[in-house]
Structure formats: structure tokens, C-alpha cells
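Asks: Given chain A, put chain B in place with the hints provided.
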Amino acid sequence: MNIDWAALGQVFGVSLLATVALVGIFTLGILGTSGADRTGTAEGGTTHAGGGSTTLARTGAYLCFAVSAAAVAFGIYVIAV
Amino acid sequence: MEHITLLIGIVIVTALVFDFTNGFHDTANAMATTISTGAMKPKAAVAMSAVLNLVGAFLSVEVAKTISSGIIDEGAGIKPEVIFAGLVGAIIWNLLTWLAGLPSSSSHALLGGLIGATLASVGMGAVNGDVVIMKVLIPALAAPLVAGIAATLATRLTYRLARNADEKQTAKGYRAGQITSAALVSLAHGTNDAQKTMGVITLALISGGALGANADPPLWVITSAGVAIALGTYLGGWRIIRTMGKGLTDIRPPQGFAAQTSAAATILASSHIGFSLSTTHVCSGAVMGSGLGRKGGVVRWSTATRMFTGWAMTLPAAGGIAAISAVIADQGDWGVTVVAVLLVVISGGIYLASRREVVDHTNVNDVDPIAPEESGVVAAAMQSVAPPPAQATIPAQLSPEQADSRTAPPADGEPYAESRTQTADAADPKDAEALGAAGPQSAERSVAEEKPQRPAGLLP
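Protein sequences appear in the order of chains A and B.
Taking UniProt numbering, the leading residue of the first sequence gets 1, the next gets one more, and so forth.
Taking UniProt numbering, the leading residue of the second sequence gets 1, the next gets one more, and so forth.
There's no promise every hint is true.
[Claimed, not checked] Stretch-level coverage of chain A by chain B, calculated; a stretch enters the list once three of its residues show a Cβ under 8 Å from a Cβ in chain B:
(1) 22 to 32
(2) 54 to 60
(3) 74 to 80
[To be verified] The following residues of chain B were derived to be distant from chain A, with all beta-carbon distances above 12 Å:
(4) T5
(5) L7
(6) I8
(7) G38
(8) L219
(9) L231
(10) L235
(11) V282
(12) K295
(13) I328
(14) V344
(15) D360
(16) H361
These aren't lab readings, by the way, just hints derived from the structure by calculation.
Every residue gets a Cβ at the ideal spot worked out from N, C-alpha and C, and that includes glycine.
Looking at chain A on its own, in the form it has when it is part of the complex (with noise of 0.2 Å):
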């Protein structure tokens, strides 16, 4: 009997990296998005500090949305090909 462990491992590590990233990441996004606009109404938009770092963590929240929008569509072509 030949088991290929080789490519279950694989599988393995490729899911879970896979995964855990993608979560991690989309999590981030959520955070950064959602957290914006705490913010954004705690300090009632009135110093530049407090805008300056909301403006970043929508920047940085829209990079993870793209990141995993990117995994999507990589998996999409997973799919096809």
C-alpha cells in the first residue's frame, strides 16, 4: 500500500496557512473598517491625530479586503483550471 503523505502534508500545510492568513487578514479588514468609524464618532472628527490614523486603518482595511479578494479570485482559477 502507498500512501503519498507527501502531497497529504501538503494539502495540510496549504490549508491551514491558507486559512489562518485569509482570516487573519479579512479579520484585519473588518477591524480596520469597523474601528474607523468608533473613531470617528468618539472624537467627534476634531482632531487631525484621530483622522489621520482612521484615514490609515481604512487604507490598511481596504488593502486586506484586496488581498483577500485577490485569494478569491485565485481560487476561482483553481476552480477552472
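Replies: Below, chain B without anything else, positioned relative to chain A:
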């Protein structure tokens, strides 16, 4: 087309029926968590999944050349009667497991059916036992572990990252992530599983001489297989959705997102690398993993054990039904007719049995949070008919848990955690590793967690 005999016609229709059962049996894989967390309305969820299954059927032109992945020596000349008997076994097993609300692999049912029919009709020589272990048993053990561990870690991570965030603010994001991952699973399912049916129909056409050897499936085969699986998906296997979305564990939006992402990643990684895992096993494992990953999360091991038993029985049971069908069908035209009539009668009987306690889109989420066991006739029968020890790899490992979960109610935090730690010591090393990793921490956590009940406000 003019070369299609009545027998080939029956095989094609039966293959499409199997495709249909495959669709509604596997709706749960993509959509159970989406429905149970309320990310989508039940009808909208199955509609989206159906459309994506249809799209998936057309997405890939790479057709599985062998429907049985090398388990059966197809070159020896597989007769249409054998394919027909195999399909009958797979359909009946799919319907029985649906009646019992058990998620089980449709691919394994098809494989089991074909193996059983071949054994009965051709003999032992035509089935490759080593390949069965490699392609069926090992993946069945590996799939839930791989997806489950990934989902557990991902669930922990997302809860940890979002520990200070307001749940209302993050709900929209989790919802979007969950739907996207579920969409990917649906798409992959349409591509993989509709192609199996296309492969079966194409093989039948080739064996009947209507197509040349190594021909690609004609467009009408692709279309009909895609439509059959999409219709089945839209019908929705609500019983299985209920088990997967509510029965195994209580899923909240972050868990649903982590579980579905883990399922999508594992399915795509496995099909890309070439170590194919069953979608159903991956998704069930991911759901259970997400249950272990949340503080105070509880996996109902009694339901899980029932499911594992179903998995272990899928191959022999579908094979047994198919073997009987093959013996009858081999008698000639009247035999095929008898099997066809029996298939219709048994399917009708299972449908009637399901009407006694209807589960549909209106009540799929209405589950008693503590004891969701729906004990149908078949469920009882399946529990009483324990599989023989030789085949019972999974149940044998889990039987201590089953015993423990009977004595200690799983919803109760502390005794449950204790029983799990003991079990981890007793079970086999691989299992113990997976469980032990989660065991002690969960014990502290479930004690710390004051309210294991889900607040009603969490559902959007």
C-alpha cells in the same frame, strides 16, 4: 443520438437522478453555516448555491477520464447494467442518509455503488483494494482533521483579533466573508460533482457505442448534468443543513466565516495538489473545528459520532445495495425493469417517511439548542446496526466519546470538558493530539464562560 438504446437511456436518467440527489445532499456543505448564522435567508442561500453549481458545471473542460479514480478496472469492459446498479445503490444510500439528516459523501456513495455492482457482476479481480484504502479511507480520516484543525486555529485567531470590537460593527464584514467563502465552495462543488455525472453518462454512451472512445461529453450532457445538480441544490437538503448548521455545534458569524474559509481553502488545496478530499468530510470537519475554536463552544459528539458512523457505512452500504441490484439487473431486461421499479418504490417510500416530520426552509433553524437529535426510523436502525469492527475505523476510535457524551450532557460545561480530556488520553494518538490541543484550554474556558446560551440578538 440514434444509437442510444433503452438501457443506455435508463442509465442516463438514473445518472441525472443521482446528480439531483447529489445536489440536495451537498447543499449543506456550502450553505449550512450561512443559513444557521442568518448571513443569508435560507431560500436566497440555496438559490445562490444552485446558480453557482450550474456555473461551476460549465467552468471546467477538464473532464474526469475515469469515473472511479482507478478503483475499478474500467478497461475490462464495464457494462451499462453495472453502472445502472451502482447508481441505484448510490441514490438509495443518499436518500437514506438524507432522511436521517446525516451529511455523508455523495462521491463515496457513487464509488461504493460502482464497487459493489462490479464485485457482484464481474468479480473480485476488477476492484483494486489498495486504491480503495488510498482514495477512500485515508482521505475520510484526513479531511475532517485537516479542515477541522485549520478552522479551530482560524476561529481562535479571528476571535482574538476582534476581541475588543463591537459585534454589531463586525457582523456585516463576517457576513460578507462567509457568503464569499460559501460561494467558492458551491462553485467548486458544481465543477467537481457535476463532472462525475458527466463522466458516468459519457462512459455509458461510450459503452453503448453512441460515442467514440475517449470522447468528450457532448454539450447536452454537460447542460443536463449542470441543471440536475442545480435543481437538487435549489431544492435544498434541509435535514442535512439542519444537522450541519445547528446539530454539530452552535455557529456564530465569526465561526461560520472561519469554518467556510477553511472548507474552501482545504477543498481547493486538495483538488489542486491532487489528494482529493470529500467536500462533505471537509465541511463537517471545518464546522466541528470552528465549534472547538470558540470559547465555550461545544461540539455535540453524539451527533458527530452518528455522522462518522454514516461515513464508515457509506461504502459498504451503497455497495451492498448496488450488488443486489447488479445481480437482479444481470438477469436481462426484466431484471433491469425490476430494479428500476424498486428504485422508484423505495425512493417514494423514503419521501413519504420524510413527510412525517417535514424539515424545510421555514423551520431549518428551529432546533432545540440542547438536544437536536431527530430520531427517525432510519437513524435508529443505523445506530443499532453497528458496522463490523474491520470497517469501523472511525467509530471504534470515537466510541469512548460516545459513551462519555451519553453520561455527561455536552451542553454542560465542566463535566463535558473533563470527559473530553479523559477521552483524549484514551483515544488513539492522532486523535488525542487534535483533541488534547483543544482540551485543557477549553476546560478553563468553559468554566470561565458564564453564558453558553446564544443571545438572541446575535442573529441579524
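Asks: Going back to the hint list, which numbers does this structure go against?
Replies: Hints 2 and 11 contradicted; others consistent.
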